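Q: So the chains spell out like this:
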Amino acid sequence: MSEPGFAERLPPSRRVETGAWVSGLTYDRTGRTLGVACGDGRVWCIDTTNDSPPSPPEPAHRGVSLSIIANPSGDSFISGGDDGRLLRHGDAARELESFKGRWFERLAGHTKTATLAAVAGKEIVVYGASGRRVLGPHPSTVADIDFSPDGSRLVAAHYGGVTIHVLKPADAAPRSLEWKGSHVAVRYSPDARFIATGTQDNALHVWRLATGKDMQMSGYPVKVKQLAWSHDARFLFGTATSLFTGWPFAGKGPEGKPPIQFGDEGAGIMTAIAAHAADSFIAAGFDTGEVQVGDSKTRRSAVIKLAGDGQVSALAWSPGGWSLAVGTDQGVVELIDLRR
Amino acid sequence: MSQVPVTVLTGYLGAGKTTLLNRILTENHGRKYAVVINEFGELGIDNDIVVGTDEEIFEMNNGCICCTVRGDLIRVIGGLAKRPGTLDGIIVETTGLADPGPVAQTFFQDDEVRTRTRLDAIVTVVDARHFLLHVDDGVEAREQAAFADVILLNKTDLVSPEELARVEARLRQINPYARLHRTQKSAVALAEILGRHAFDLKRILEIEPDFLEQGHHHLHDHDHEHCDDPTHDHHHDSHHHHLENIGSISLTSDKPIDEQKFQRWISTILREFGTDIFRSKGILDISGASKKYVFQGVHMMMDGDWGNLWKDGESRMSKLVFIGRKLDAEQLRRGFAACATR
Numbered sequence: 001m002s003e004p005g006f007a008e009r010l011p012p013s014r015r016v017e018t019g020a021w022v023s024g025l026t027y028d029r030t031g032r033t034l035g036v037a038c039g040d041g042r043v044w045c046i047d048t049t050n051d052s053p054p055s056p057p058e059p060a061h062r063g064v065s066l067s068i069i070a071n072p073s074g075d076s077f078i079s080g081g082d083d084g085r086l087l088r089h090g091d092a093a094r095e096l097e098s099f100k101g102r103w104f105e106r107l108a109g110h111t112k113t114a115t116l117a118a119v120a121g122k123e124i125v126v127y128g129a130s131g132r133r134v135l136g137p138h139p140s141t142v143a144d145i146d147f148s149p150d151g152s153r154l155v156a157a158h159y160g161g162v163t164i165h166v167l168k169p170a171d172a173a174p175r176s177l178e179w180k181g182s183h184v185a186v187r188y189s190p191d192a193r194f195i196a197t198g199t200q201d202n203a204l205h206v207w208r209l210a211t212g213k214d215m216q217m218s219g220y221p222v223k224v225k226q227l228a229w230s231h232d233a234r235f236l237f238g239t240a241t242s243l244f245t246g247w248p249f250a251g252k253g254p255e256g257k258p259p260i261q262f263g264d265e266g267a268g269i270m271t272a273i274a275a276h277a278a279d280s281f282i283a284a285g286f287d288t289g290e291v292q293v294g295d296s297k298t299r300r301s302a303v304i305k306l307a308g309d310g311q312v313s314a315l316a317w318s319p320g321g322w323s324l325a326v327g328t329d330q331g332v333v334e335l336i337d338l339r340r
Numbered sequence: 001m002s003q004v005p006v007t008v009l010t011g012y013l014g015a016g017k018t019t020l021l022n023r024i025l026t027e028n029h030g031r032k033y034a035v036v037i038n039e040f041g042e043l044g045i046d047n048d049i050v051v052g053t054d055e056e057i058f059e060m061n062n063g064c065i066c067c068t069v070r071g072d073l074i075r076v077i078g079g080l081a082k083r084p085g086t087l088d089g090i091i092v093e094t095t096g097l098a099d100p101g102p103v104a105q106t107f108f109q110d111d112e113v114r115t116r117t118r119l120d121a122i123v124t125v126v127d128a129r130h131f132l133l134h135v136d137d138g139v140e141a142r143e144q145a146a147f148a149d150v151i152l153l154n155k156t157d158l159v160s161p162e163e164l165a166r167v168e169a170r171l172r173q174i175n176p177y178a179r180l181h182r183t184q185k186s187a188v189a190l191a192e193i194l195g196r197h198a199f200d201l202k203r204i205l206e207i208e209p210d211f212l213e214q215g216h217h218h219l220h221d222h223d224h225e226h227c228d229d230p231t232h233d234h235h236h237d238s239h240h241h242h243l244e245n246i247g248s249i250s251l252t253s254d255k256p257i258d259e260q261k262f263q264r265w266i267s268t269i270l271r272e273f274g275t276d277i278f279r280s281k282g283i284l285d286i287s288g289a290s291k292k293y294v295f296q297g298v299h300m301m302m303d304g305d306w307g308n309l310w311k312d313g314e315s316r317m318s319k320l321v322f323i324g325r326k327l328d329a330e331q332l333r334r335g336f337a338a339c340a341t342r
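As they're listed, the protein sequences go chains A and B.
The numbering of the first sequence is the working numbering, which starts it at 1 and goes up by one.
The numbering of the second sequence is the working numbering, which starts it at 1 and goes up by one.
Hint data in this document are derived by calculation from the structure and do not stem from the laboratory.
Just so it is clear, the structure is predicted and the values come from calculations on it, not from any experiment.
One should not assume that every hint holds.
[As the list claims (entries may be wrong)] Computed cross-link-like contacts, DSBU-like style, restricted to lysine-lysine with a CA-CA straight-line distance of at most 35 Å:
#1 K122/A to K168/A
#2 K311/B to K225/A
#3 K100/A to K213/A
#4 K112/A to K297/A
#5 K112/A to K168/A
#6 K180/A to K291/B
#7 K213/A to K257/A
#8 K100/A to K225/A
#9 K297/A to K252/A
#10 K291/B to K311/B
#11 K32/B to K100/A
#12 K291/B to K261/B
#13 K297/A to K257/A
#14 K311/B to K122/A
#15 K100/A to K185/B
[As the list claims (entries may be wrong)] Far from chain B, by Cβ distances over 10 Å, these chain A residues were calculated:
#16 T33
#17 S140
#18 Y159
#19 K180
#20 T199
#21 Q200
#22 P221
#23 P259
Glycine included, C-beta positions come from ideal geometry on N, C-alpha and C.
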């Protein structure tokens, strides 16, 4: 870090100050607009093709905007709030759901099947080609959801394990995979062979779907709140470490093998992670505000944002993979151009 | 990062928790609180935030009861942290039958909750008229009294002075160390329940330099003997009752304590008996140290740190308090005595 001229070697970036905790950010499907959900209820739609500073929008949620995804069946975004509302943004925001007393904290979208899923307490509301469905109730509030790569299934993480819902055919029974404890994050592997969770017990838990056999990777200093599979499903990364730590899932799987580790020491504890959709890059944000991009193939990494601005709370790759958006708990958004 | 103080409000159904919450929410105190309740009730909301949640008790995979946390609280606190501006406090109301353990443990166990908030105090509202009826038919009423830093002995207008004295004696038998306020209609100065810093190691001594000798010492010692001896049990039913008995033990030493021996001993005690030890607190004279060592715990979770300097002329006594169920006084006494420097 003491290298002279280090800051000059950072990729060019654009900074927007929203003034409130960034609880989620995502590009729309064209990559032209960045949607940012903030702690003051605002949902910013930032034009990425135009450098002029955006003016603050009116708050969309009465409370905190907790979550945001690209609309899986059109332009713009879907956002959820602690006001119990699920909104579809566009020229004017439209209310999709209103559940008094529930929080829309987790959303998932699957573009190919144009399906939207939103957690509302112990239930999940799903909008798909065949209309609206409600899944659950689950044994506890659902902590996270993820679509299978082909969009045929939706996995829900909750207390005591995960539930895999079959979306098509709609009458198929869900499958439960049990592991005691509270599961706070869930991700399907891109090859659909595994489901991984982060747990309140400071561990990762992974089920092999063909056999239902599971494995546990423990020893994290804090709970693993975000997970990322490398695009080729060869490595599973999680937050809560100081280095990129990837468990090898190629071939026979990670049993008995150590994880790969790389990165720059001293960045802090990883608080956000996001995998590139088409290449071996992984972006990681830290509690110091630093952001690094690592390569699971070469096991090298580079700092692309220096520490500062609070802890990194959200990361998103643009659809083309040339730009990375960073959000922090102090309301700073940086759009980092990685084309160089 | 400033940590938002959290007050946990417990008490049997109908004891007056909702009345107290309404007082907090409607009083013109100029502060901003968030209140976490089990469901939406008739609450006056002005400047404050009211969040309704289902109590979700999550055990860890290791099955240890002492690692049990409130999953819904972790979520709610994570959400509240995202709001702009700083809250002056969060008040968590528990259901009438709740074990205060998981709520308290959430503030030790979960890293994020620990970063954003600090447990300020456990406040238990007790119905003076019904406490003696409830206290023996389930463990909840006793546990809630045992965990308390502050007890509101409420509805005192509905009982005779003799009844009130009996209730108070029973409360003191369970928990001699909590601050006790006699109230009617939950009327109490908010400063007596909010901003207590009861869990703040650095402040324990500043606020309550004599927290272990608040004049209840006497009563407590006596009651303790009572607990220990089944023949003194006034409830004829019962061996079972005796075994389940909740009480307190205080230990003192005028010999300096060996730090390593103490750490080994206390961690063994909390590991083995943490399920039955609800609260522990202590101030220690560690041999060779110029500062007081203060610690406190909830079940197996424990925090310890160096506090103030011993003053010139101050008697360097070490004091320890355990509140819990089936405490083995003799074993604890022997174990603690063995921590003294030889």
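Q: Each of the hints needs a verdict: does it hold here or not?
A: Hints versus structure:
no. : hint             : result
1   : K122/A to K168/A : holds, 21 Å
2   : K311/B to K225/A : violated, 46 Å
3   : K100/A to K213/A : violated, 39 Å
4   : K112/A to K297/A : holds, 28 Å
5   : K112/A to K168/A : holds, 14 Å
6   : K180/A to K291/B : violated, 43 Å
7   : K213/A to K257/A : holds, 17 Å
8   : K100/A to K225/A : holds, 26 Å
9   : K297/A to K252/A : holds, 18 Å
10  : K291/B to K311/B : holds, 9 Å
11  : K32/B to K100/A  : holds, 22 Å
12  : K291/B to K261/B : holds, 18 Å
13  : K297/A to K257/A : holds, 17 Å
14  : K311/B to K122/A : violated, 56 Å
15  : K100/A to K185/B : holds, 31 Å
16  : T33              : holds, 22 Å
17  : S140             : violated, 5 Å
18  : Y159             : violated, 5 Å
19  : K180             : violated, 5 Å
20  : T199             : violated, 7 Å
21  : Q200             : violated, 6 Å
22  : P221             : violated, 8 Å
23  : P259             : holds, 20 Å
Of the numbered hints given earlier, the model fails hints 2, 3, 6, 14, 17, 18, 19, 20, 21, 22; all others are met.
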